[in-house]
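Enquirer: The lines below spell out each chain.
There are 2 protein chains.
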Amino acid sequence: MSTTPAYTRLEALFAKAGTLNDALAVLSWDMSAMMPDGGAEARSEQVALLKTLAHETITGPGMSDLLDQAAAEPLDGWERANLHEMRRDWVHAAAVPADLVEALSKAEAACEMVWREARPAADFARVLPTLKPLLALVREAGAAKAQALGVGIYDALLDQYEPDGRSADIDRVFADLEAFLPGFVDDALAAQAARPPARSLLGPFPRAVQKELGRTMMAVLGFDFDHGRLDESHHPFCGGIPDDVRITTRYDEDNFTRSLMGVIHETGHALYEMGLPGGRWRRQPVGRARGMQLHESQSLLMEMQACRSPEFLTFAAPLLRRAFQADGPDWQPDNLARLFTRVERSLIRVDADEATYPAHVIIRYGLEKALIEGRMEPDDLPGAWNDGYRRLLGIAPPDDRLGCLQDIHWYGGAWGYFPTYTLGAISAAQLFDAARAAHPEIPVAIAEGDFTPLLGWLRTRLHSLGSSRSTGDLLAQATGRGLDASVFKTHLRRRYLG
Amino acid sequence: MSTTPAYTRLEALFAKAGTLNDALAVLSWDMSAMMPDGGAEARSEQVALLKTLAHETITGPGMSDLLDQAAAEPLDGWERANLHEMRRDWVHAAAVPADLVEALSKAEAACEMVWREARPAADFARVLPTLKPLLALVREAGAAKAQALGVGIYDALLDQYEPDGRSADIDRVFADLEAFLPGFVDDALAAQAARPPARSLLGPFPRAVQKELGRTMMAVLGFDFDHGRLDESHHPFCGGIPDDVRITTRYDEDNFTRSLMGVIHETGHALYEMGLPGGRWRRQPVGRARGMQLHESQSLLMEMQACRSPEFLTFAAPLLRRAFQADGPDWQPDNLARLFTRVERSLIRVDADEATYPAHVIIRYGLEKALIEGRMEPDDLPGAWNDGYRRLLGIAPPDDRLGCLQDIHWYGGAWGYFPTYTLGAISAAQLFDAARAAHPEIPVAIAEGDFTPLLGWLRTRLHSLGSSRSTGDLLAQATGRGLDASVFKTHLRRRYLG
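Taken in order, these protein sequences are the chains called A and B. Heads up, the first sequence is in our numbering, so the first residue is 15 and it goes up one at a time. Heads up, the second sequence is in our numbering, so the first residue is 15 and it goes up one at a time.
Honestly, the hints are just simulated from the structure, not real lab data. Do not rely on the hints blindly, as some may be mistaken.
[Claimed, not checked] Listed next, with one range per pair, are the computed distances between beta-carbon atoms: (1) 478/B to 339/A: 52 to 60 Å; (2) 339/A to 264/B: 25 to 33 Å; (3) 65/A to 79/B: 47 to 55 Å; (4) 413/A to 271/B: 55 to 63 Å; (5) 201/B to 229/A: 50 to 58 Å; (6) 478/B to 127/A: 49 to 57 Å.
[As the list claims (entries may be wrong)] Facing chain A, a subset of chain B residues (Cβ under 8 Å, in silico): (7) 36; (8) 60; (9) 105; (10) 107.
Ideal placement from N, C-alpha and C gives every residue a C-beta, glycine not left out.
Generate coordinates for the entire structure from the input sequences, incorporating the hints supplied.
Expert: Right, dumping it as structure tokens:
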């Protein structure tokens, strides 16, 4: 007879929910990368049903007792960690009553639909009447989760994306960055102006060639095409499941660099997924990637830390020249480095460079926290947004299309997500620094297109550990210190001022 | 209060099962058209779970009572037809005990795996030890279904693919064809020898051009790209769901005709799916395509009846010349017609032409019926197969790779499927004949690339009726007569002897 009957039952239930979520991941990838528009209605029926079934699987009657019983059973370390994550899943799934979940889902769809029209029209007033009830429902759900988790309302929402994330920690590192950024950006722009200008590369760059180049770079970084694919979608993403990772990109025949760096970014996400613990832990909560902070750290480590480095661009330059049958000084590593690390004060987050990106995030974080905590009203969003841009970046949007209407997150119901971008950038700098300290040959290997020392370290120190420890513990054990913006600042100073 | 509470409950349950089956259809398409090999294990978990959930949905406790109660409720015609199909689904799902379903599924997988090695090795003895237990389990399941349906064992298996199909009817029309074919094939070959030979078209035919040509032809036939896609897979098929039909093909740069005719064939299937009743009947049993006989009739009507006709080839010839930038006498309609209607005695069913194809099917039908009914042993299959080929086609395979090992059906557990190919060909001839009788302008329109009169008739007479009537009723109401090989024979005589 099993000594862990409750835990064993839980593993079976979460395997079932995990399998349903795997199917949902494939259906969701298909929706973005393959599905014709006319398939949308039928697909939304499928997705809604599978989500309901997954939800029912982990919120069935007796789940609370089962979790309590399992806690008293003799579990090993990974089992206990798994149980911990099961409880988190259950809290998030069960804390919010079904009617609120449904109301929220409808309010999200309604607000996102209005936003799709309001954004191009730069008409914040148009979306305000649907944003207000959505925010009210998000706050209601957040309050319910806050009570169940025993944390503040913002942290409860953050916990959906970054488990155990705490705004007190974010406040500390963001304050550090906020003090650093304005002066640093001034200095970086001055240093850039003193150097030869980056010369643009002239296309056209055929889509088929870009695709082949993207696949080549994916393979260089360690992407296993027996367990994944590269396709196209309007908004690039990393989807699928660890055994079958689907990344997407979008091609612009006049400019290949954005797609190429996008592919490298998504490959960073993909490598994390591909390296997650397999076997028994596949489809279990403990086998999942830890959270969005570390997920983003993996994409940014590849895109920003490794692949905009002079070492990588030395390796990449001849490949680019061969792929596009191009030559000349513009295609030499020094110009490529200037192109790939150009700094500019800009209004749109998704187009922002590594140096100014944190400012975009810090502004959004402050605003969403104030809105969620009831310290600000949605009516005041445009003004506060523009103030933030003036203060941190010295520029202000001419209209709300380039301002507070630019991102889908809030209008689609994703509150508490924004800080993970910059937490990821900070973690990426810490992890890349620690990897190089442990394996000084990493930059040399990268210059030769060999990512195995780097990937090997990431696999051991991070990927294969799944969610067996907290983000803080994983980071501390891999880098010897907790979350700390100083390594990121050093990286920025070295690259942009050095 | 509803006057049809049991029926209403049934519609909800079958909608749920239908939605799960829709999700399975997308996952299954992806498996063949997109998934990397390394995704197979995780995908099989997803598919097994969704199949189990769909099965449980329609075999839950009380389903039998619910079906009985609904039968006593005041239902309209479509509701009653829906209930009839619900009962059929339930009988097929519930008749076979769960342990037999599982044993069958394992035996199918095991036999198919051995067959994949035995076929290239032409080694029937190798697959025999896994074929025997598989056949035994198929017979066991067939006997259970036969009892539940009140029909013979072969008809019970046939019913899975062709609802209400009866081997007594098949025996009758196949006997008619069997008497006709050997002499007809002699005559057709003699007539062919007396005409100028078909001259082959010389490539290469770039894949991208073939793909574009395929899409053009799909649009000509009426395929709605807002509700479907064309992709590639090793074995071409029509998958997806009525709102989002996914067809596939395979390109050979030395020969475009097979892919083109394959695309037209799958488009015929797709048009049937796209024309099925929508709204309330989507995802209900009555909203599904009637069965494999009529499904195959739709693909063969497009491929064989319409698109190998002189009218269509007159329309297609300039498109082909333009697509491949080719010209000369080989690309004129008369040579294309000779190419697209070439007759040859051959050993492989999937490569067979329209005139000899029925012989391949009749041989298989006789053999599988004898095996299922216990009148023959699997050991005797190769000898009986070769006898059949000698008798009906005057040739015999040199080995079992080109003989009884060529098709996956039996080794994968699909018994009772084969006759539907030729029932489809016969029905296609009847339907095309009736359509032209009703709308004499159809051939003229086809010569102009206008399929709307033909498709309109098919939509009204067949597609939009879903499974609201039996195959026999649909055919009789559309054509004025039951299944009858005479129109098919007339078509063959006219095309190949005329």
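Enquirer: Output the indices of the hints that this structure fails to meet, ascending.
Expert: 3, 6, 9 and 10
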